[in-house]
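**Student:** All chains, full assembly: derive it from the sequences and hints.
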Amino acid sequence: MIDVTNNRLGWMLDDALRMPETRHGILLSADGLLMAHSERIDRDEAERQAAAMAGLQSLARGTAEFCGDPGTTWRQTISEFDDGYVFLVAAGAGAYLAVSASPQVDMEAVSFRLQELVQRLGKELTSPPRESRPA
Amino acid sequence: MDSALVSDSRYLRDTVQTAVKLLIVGHFAVGKTTFVGTLSEIRPLRTEERMTQAGTFVDDLAGIEDKTTTTVAMDFGRLTLSDRLVLYLFGTPGQQRFTRLWQDLSRGALGALVLVDTTRLDSSFEVMDLVERQGLPYAVAVNRFDGSPAVPEAELREALDLLPTTPLVQCDARDEASSLRALIALVDHLLTLDQEPA
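Heads up: the sequence lines are chains X and F, in that order.
The first sequence lines up with residues 1 to 135 when you count with full-length UniProt numbering.
The second sequence lines up with residues 1 to 198 when you count with full-length UniProt numbering.
These are calculated hints, taken from the structure and not from any lab test.
None of the values given here were measured: they were computed from a predicted structure.
By construction, the Cβ of each residue, glycine as well, lies at the ideal position given by its N, Cα and C atoms.
Certain hints may be false.
[Unchecked claim] Far from chain F by the CB rule (all over 12 Å, computed), these chain X residues:
1. ARG18
2. LEU34
3. ASP42
4. CYS67
5. ILE78
[To be verified] Here are some of the chain X residues that sit facing chain F, going by a computed Cβ distance under 10 Å:
6. MET12
7. SER29
8. ALA30
9. GLY32
10. LEU33
11. ASP44
12. GLU47
13. GLN49
14. ALA52
15. GLY62
16. SER79
**Tutor:** As structure tokens, then:
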């Protein structure tokens, strides 16, 4: 399982969040556990959000049939609030990436940046075997 | 950032990780949200919505007429048992219409605590069936409501068709000490299973 306390990939999220009007980023496993978080969100909040995002993804996928074929692949869920947006996208096998942004954000640029980040994360996310011990 | 909190001692025992995901399950209105809220050391995630008239004939409120909200997605809380073991509690919705979400949330879970209510024992069968079909090890905790009848353990085991090895404990979801005991019964059970030869 993922050691959530080392936040090894956090810098990558911070790097992606250098674009204007973005706020926080978290990377989570499909089973709802936090894998990494950006600097300005604390661990407790990030863990709570990770759990919520996993539920959101599951519920979103449950609406596939409402759109078309029930087996169609889920790509992303965007939530809009008075205060801005939350983007939730697939980030490789068994992981999701969530980023929040202000209402003024350039949505197209964020989507592009997220895909870029997913590519980079993909290389990092070759999950270590579950039983591996620290040397 | 609070790094290196547990990273030096990641392993409680050979196959037990620092982070353990557990499901808190049970039928509609059994007290799952209360249970997670009682034990969580962080502000829990709740997804309660007001119950509407649409559910009048679906979600049976007989005996619990004071209930005004129901969980529509999930509950989440965290409990650090020791510096080697952190429990992540995922509460799942009790109603059949949320089965899909239930299956997704059970991903990566090591076990489940099944909350039951002695006044509605028959409502628990469906949930226990789901847990068993997911192949999740579980313990059963009787959430004692005010005025709920005390049923002898043997009778409960019989009614719920429990294996002799399945832990059965009593708790009050509003009370931290007894809720913690229920959760520890599950964790102990998981550790025991873990040590048995395959």
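**Student:** Look at each hint and say if it fits the structure.
**Tutor:** Status of the hints after comparison with the structure:
no.	hint	result
1	ARG18	18 Å, holds
2	LEU34	9 Å, violated
3	ASP42	8 Å, violated
4	CYS67	16 Å, holds
5	ILE78	18 Å, holds
6	MET12	15 Å, violated
7	SER29	7 Å, holds
8	ALA30	6 Å, holds
9	GLY32	7 Å, holds
10	LEU33	6 Å, holds
11	ASP44	4 Å, holds
12	GLU47	6 Å, holds
13	GLN49	8 Å, holds
14	ALA52	5 Å, holds
15	GLY62	5 Å, holds
16	SER79	13 Å, violated
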